[in-house]
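K.L.:
As you go down the protein sequences, you meet chains A and B in turn. If you count by this note's numbering, then the first sequence holds residues 1 to 258, one letter each, in order. If you count by this note's numbering, then the second sequence holds residues 1 to 208, one letter each, in order.
It is worth saying that the hints were derived from the structure and are not from the lab. Errors might be hidden in some of the hints.
What the hints assert, rightly or not - Facing chain B, a subset of chain A residues (Cβ under 10 angstroms, in silico):
1) G30
2) V31
3) L32
4) K34
5) R50
6) E53
7) V54
8) I100
9) L123
10) D124
11) G176
12) Q192
13) A212
14) N254
Cβ atoms here follow ideal geometry from the backbone N, Cα and C, with glycine treated the same way.
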Amino acid sequence: MFIKGTVFGFVLLLVVSALIIGSILRGRRGVLPKLRVIPGVEAIPEAVGRAAEVGRPVLFNPGIADLTGDYAAQTYAGLEILSYVSRLCAKYDVSIIVPIRQASVLPVAEEIVRFGYLAEGKLDKLRPDAVRYISPFQFGYVSGVLGITERERIAANFILGATWSETPAYIEAGYGAGAIQIGGTANLHQIQFYVAGCDYTLIGEELFAAGAYVSQDKAKLGSILGQDLGKIVAVGLIFLGVLLASFKSNWLVNLMNK
Amino acid sequence: MVLSKQLGQLIAAISGLVIGLSGFINLPAVKVASQELLNWGVVLGAFALGLGFANMLKIHGMKMFRGSGSERAFSLILVGSMLVMVVVGLVQGIQSANYKFLYNSFLVPLDSTIFSLIAFYIASAAYRAFVARNIDAAILLVTAVIVMLGRAPVGELIWSGFPPVTDWILNVPNTAGQRGIMIGAALGAIALSLRILLGIERSYLGRG
Chain A
1 MFIKGTVFGF VLLLVVSALI IGSILRGRRG VLPKLRVIPG VEAIPEAVGR
51 AAEVGRPVLF NPGIADLTGD YAAQTYAGLE ILSYVSRLCA KYDVSIIVPI
101 RQASVLPVAE EIVRFGYLAE GKLDKLRPDA VRYISPFQFG YVSGVLGITE
151 RERIAANFIL GATWSETPAY IEAGYGAGAI QIGGTANLHQ IQFYVAGCDY
201 TLIGEELFAA GAYVSQDKAK LGSILGQDLG KIVAVGLIFL GVLLASFKSN
251 WLVNLMNK
Chain B
1 MVLSKQLGQL IAAISGLVIG LSGFINLPAV KVASQELLNW GVVLGAFALG
51 LGFANMLKIH GMKMFRGSGS ERAFSLILVG SMLVMVVVGL VQGIQSANYK
101 FLYNSFLVPL DSTIFSLIAF YIASAAYRAF VARNIDAAIL LVTAVIVMLG
151 RAPVGELIWS GFPPVTDWIL NVPNTAGQRG IMIGAALGAI ALSLRILLGI
201 ERSYLGRG
């Protein structure tokens, strides 16, 4: 019934899911952990506020991944934060520009930004070219984003999602425009560029937690506790693996391959 | 409105669950359902491309008529190029000599040009990052210099210890850090997926 080599992963997924769902239920009842401050998330209102002060737009780049596939979760995480940023932009009368590479992300981003302005009662302030489809080609998209960054002289640059080799281009163009930059990705091979070039970076799990963190929704916050419980399970397995490997036992490795 | 919201959540939950299960379970029904849903995704993606086309025409059409000098010119070039590709592709087909000429002579070189710019952006980013303004940046600077020397042939000539030290940095602290980030990101992705499947996270439907 199971595909070979996936039984352990499936059981582990069930365990972690149960922990997260349990934490969500606890969160709904108001039992919430004290969350550490994520500087990159705390800086989002500051970045939008700065854009309001200087009267220049905010650029929100949700990455170049699609809504399906291995990297989709990062796109959803970026869009979750876009929901918050677009509301802030509407609140402070700041223009937002959202460049899009994947066509399937376009209607979703349009709806998110429109709802953000609608929720603040400022739909009339939403510029008609706020969400722009650029190109399905990676570097066609990059050239479009670089052009927007330069021509619009953006004041805040949010790069939150899955990005690849083009990452330094976004960051250096934003730096050239004098923008405050908040970046985040779970793509391991790109994190160093964000750390080196952005003012604030959301590393890996912080990108996924950010949307829940800014919403202050009890159920969503509960899921962050579930994530941390999952980490305890992972650390436990690492210790067990180290211990067993030290005694030359392959029991855990064999179990994982079942 | 409420019905469309609930229907959207239901479709997302069922699709996510079926496609997720197909990664573990070897049942023909699950496989067929998963493949079917993925095919629908491709079809929807093709429709979305039409939306993208319309979005570009709307935005750049506005700029062609109301934009400033340079904006007007850029938009004119973009819309013109796009229409030429579409017309040649539809009339002669994407395997035709004309379409291939346009693709290989314009699109590919432009793509490569932008890609090659990345080297300069990396150099510029490295220059900014390698200023030892605090202890973290100093550690980054020292580590980067060791790794660069360990990877370049001249490094071994200067000191034979550079390559093994580089290997240790890459295989021990670097790998440990990367695996930590990977585990955290995977758990974060699971939590986000569950929030979507359970209908707690609805921002992708345009509702916070």
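K.L.:
For which of the previously enumerated hints does the structure constitute a violation, in increasing order of number?
P.N.:
Those not satisfied are hints 1, 2, 3, 4, 5, 6, 7, 9, 10 and 14.
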